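Colleague: The primary structure of each chain is shown beneath.
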Amino acid sequence: MIRDFFRILVVDLGAGRGSVATLDGRDTVAGGSGLAALLFDRYGHSNRPWNDPDQPLIFAIGPLTGYFPLMSKTVCAFKSPYHDQYAESHGGGRSALSLRFADLDALVITGRAAKPSCVNVGSRHLEVRDVSFLWGKDVFETGKMLRGLFRGAGHRSNLRIGPAGERGAAIAEINADTYRHFGRLGGGAVMGVKNLKAVVIHGDAVFPLPESREYPGVFQEVYTKLTDTDMMSKYHDIGTPINVAVLNELKMLPIRNLQRTSDPAIGNITGEQFAELTLLRNSACAGCPVGCIHIGFERERFQKEHRYIYRQVSYDHEPIFAVGTMLSIENCFAVLAIIDIAEKMGLDVMSAGVALAWATEAVQKGILSERETIVPLAFGDSEGYRSAMQHLGEGSNDFYRLLGQGTLKAAEIYGGKDYACVLGQEMAGYATGEVFFTSQALGLRHSHLDSGGYAYDQKETGKDLTRAVDFLLKDEQGRVLLTSMVACLFARNVYTDELLATCLRTVGYGALAENLSAVSRNIQQLRWKNRFACGFKPEDTAIPERFYEIETMKGPIDRIFFDNLIQEYIKAIRILAGTDRAG
Amino acid sequence: MARFNVVLEREECIACERCIGSCSDSLEMADDGLAQMAGGARAGNDDELETDERGCLMDGAEAFPVNIIHIFEGGNKII
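Respectively, the protein sequence lines represent chains A and B.
Position 82, counted from 1, in the first sequence is what the numbering used here calls 82; the numbers after and before it change by one each time, with no gaps.
Position 40, counted from 1, in the second sequence is what the numbering used here calls 40; the numbers after and before it change by one each time, with no gaps.
Take the hints with a grain of salt, since some may be wrong.
[As the list claims (entries may be wrong)] A short, non-exhaustive set of chain A residues, derived as facing chain B with CB atoms under 10 Å:
1. V11
2. D12
3. G16
4. R17
5. V20
6. A21
7. D24
8. V121
9. G122
10. S123
11. H125
[Unchecked claim] With beta-carbon atoms standing in for the labels, derived distance ranges:
12. B:S22 - A:Y310: 41 to 51 Å
13. B:K77 - A:Y310: 50 to 60 Å
14. B:S22 - A:N331: 56 to 66 Å
15. B:D25 - A:A153: 30 to 40 Å
16. B:E17 - A:E498: 44 to 54 Å
17. A:D24 - B:A41: 22 to 32 Å
18. A:E539 - B:D32: 51 to 61 Å
19. B:E11 - A:E221: 36 to 46 Å
Hints were generated in silico from the structure; no laboratory data involved.
Just so you know, these numbers come straight off a predicted model, no measurement behind them.
Glycine included, C-beta positions come from ideal geometry on N, C-alpha and C.
Given only the sequences and the hints, what does the whole structure look like? Please build it.
Modeller: Written out as structure tokens, the structure is:
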């Protein structure tokens, strides 16, 4: 095993120094999501605001990181600027393996640097370096400079923010190695408010593999299971954008600010079209043989003669939904151009796209004008959206600064709450039905990956409240176990509890392997307790009317079922977190 | 009794070796790859040294990337 305790590096940005802490808890919280929750409980301050300098920014990996395929993600946890409560955001790139090869189970960053800084950490070094000259630079310029400033190419992870994070936008992301992100709930702003422009993790140590005779066989078994499935070939070939056409066919695709859920014009921006017209290459997070990262290109003419520069732009289902279908952009290259700007600015492209979709409808309805939006916004007009995305990233005026705090924040001032497509945070790219909407609205991360609500809606026809709530809770528990290892959730159908137990036993975590059910339940509860301790009131969740208006292949949304499901799920998570008792 | 008591928390050393360059009179790398106090006594996982002169140890305590050197004067922790 790596070790039966946790080795944490705690960095104090104000002091410019760190300390190594060892923590017990391997057999109760495993790592990843569980470790992040434990660390927030220890270092976080639930009763202080998110931008208090003492609040921690946590990056955590798990007991199987580096040992098995697709154990390739990192859990980032923080008090979110979006809702001022405990939040998790998951990302990949090289972050997980860099932490592993730096001999760390987690990195905790506290305090606020006196000047814009970069934390540079490896197995045998730690530095908080003044990088004032990077402040103001976009994500790509920053990455290029970081690669020149710090050694370790190939075994190094560059986490950085753009202008959106620097100015504290609640929809600012942390870019991980250019093509991946800790995207949601404003981790970028947490870095920005700490004057932390970047974190460079150099995985410069040796990581010995288990010497057990079982390990090679188990590894091969897992590798074969992961790479020989249709699911994995789907993720490698077309990638997640394969969902665009499927959801469109099912009338479950959010289009034009969720005014509709299906449109023949979507045929121009399906995953298949992106692959045919724009795909240059695949890439992968370190530790993953699947290669789901799809990289297209954007071309820009820079001279009167036919001279072009091109930029590589990664795409997935969610960005295509957010700045493609939600904005009625029907050209692949136009979609990539808007994604590119969101990336440069360090904006969560999902939230940004949904925010601009709301703004466009608000313009149509006359509650916004160019006085607020600066540029004309109209569904289908990619040039307007390119400019608007830049303004949103830079916070060009009061309106964009407010919109950058979240669509509902803007709607509270200007009106239009009914069609602000927010379920806890800006919606994900599925309009499958009541169970998914409930899952995202009330899920801990407000993520489409909190539980498989979107799959439930597609497969189930009944309206059984108990069954739906049980599914959400059990599925969350299963996923929380995976994100404590830390597995990419694409592998969830391969890494069953049984296989996880085998993997853990093989690398020496026998006690953990014997208790997975209790451990996952414990982690699930600990995360919810953190959230509630920060003031989460699920009863205050309001579902915008737009979500009640849609119709899928299954028919119109059942308002009564939806409302009852929300109430029952609230009761269930309160019981889980132990907050259901009066007083 | 010496004026200062210096404690080095060896378990938290990250083996960056900055101590060798800046305080080689008092700090060195041990065979286990971690820093140790030259002339100090091993107490569990820590090294301890009693000395009347802080010398470069104070600079090191302030400057090293991880805060593993602690200096006590008359029982009071200075750093």
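Colleague: Look at each hint and say if it fits the structure.
Modeller: Hint by hint, here is what the structure shows:
Taking 10 Å as the C-beta cut-off, the interface hint given for V11 of chain A holds, the closest approach to chain B being about 9 Å. Contact between D12 of chain A and chain B, as hinted, is supported at the beta carbon level, the nearest pair being about 8 Å apart and thus within 10 Å. Checking G16 of chain A against chain B: minimum C-beta separation of about 8 Å stays under 10 Å; hint holds. Interface hint status for R17 of chain A: upheld, as the beta-carbon distance to the closest one in chain B is roughly 5 Å, under 10 Å.
A hinted interface residue such as V20 of chain A counts as satisfied when its beta carbon comes closer than 10 Å to some beta carbon of chain B; here the least separation is about 4 Å, so the hint holds. With a cut of 10 Å, the hint placing A21 of chain A at the interface with chain B holds, because the nearest CB-to-CB distance is about 8 Å. Restraint check, D24 of chain A versus chain B: the minimum CB separation of about 15 Å is more than 10 Å; hint violated. A cut of 10 Å between beta carbons decides the hint on V121 of chain A: the least distance to chain B is about 9 Å, and the hint holds.
Taking 10 Å as the C-beta cut-off, the interface hint given for G122 of chain A holds, the closest approach to chain B being about 9 Å. The criterion of a C-beta within 10 Å of any C-beta in chain B is met by S123 of chain A, whose closest approach is roughly 7 Å, and the hint holds. For H125 of chain A, the interface hint holds, the least distance from its beta-carbon to any beta-carbon of chain B being 5 Å, beneath 10 Å. Distance hint check: the CB atoms of S22 of chain B and Y310 of chain A are about 48 Å apart, consistent with the given range 41 to 51 Å.
A hinted range of 50 to 60 Å for the beta carbons of K77 of chain B and Y310 of chain A is consistent with their spacing of about 59 Å. In this structure the supplied range 56 to 66 Å holds for S22 of chain B paired with N331 of chain A, their Cβ-Cβ distance being about 59 Å. Distance hint check: the CB atoms of D25 of chain B and A153 of chain A are about 37 Å apart, consistent with the given range 30 to 40 Å. Between E17 of chain B and E498 of chain A the CB atoms are about 45 Å apart, so this pair conforms to the stated range of 44 to 54 Å.
For the pair D24 of chain A and A41 of chain B, the beta carbons lie near 28 Å from each other, so the given range of 22 to 32 Å is met. Distance hint check: the CB atoms of E539 of chain A and D32 of chain B are about 56 Å apart, consistent with the given range 51 to 61 Å. Taking 36 to 46 Å as the suggested C-beta distance range, the pair E11 of chain B and E221 of chain A conforms, at roughly 37 Å.
Violated hint for the displayed structure: number 7, the only one.
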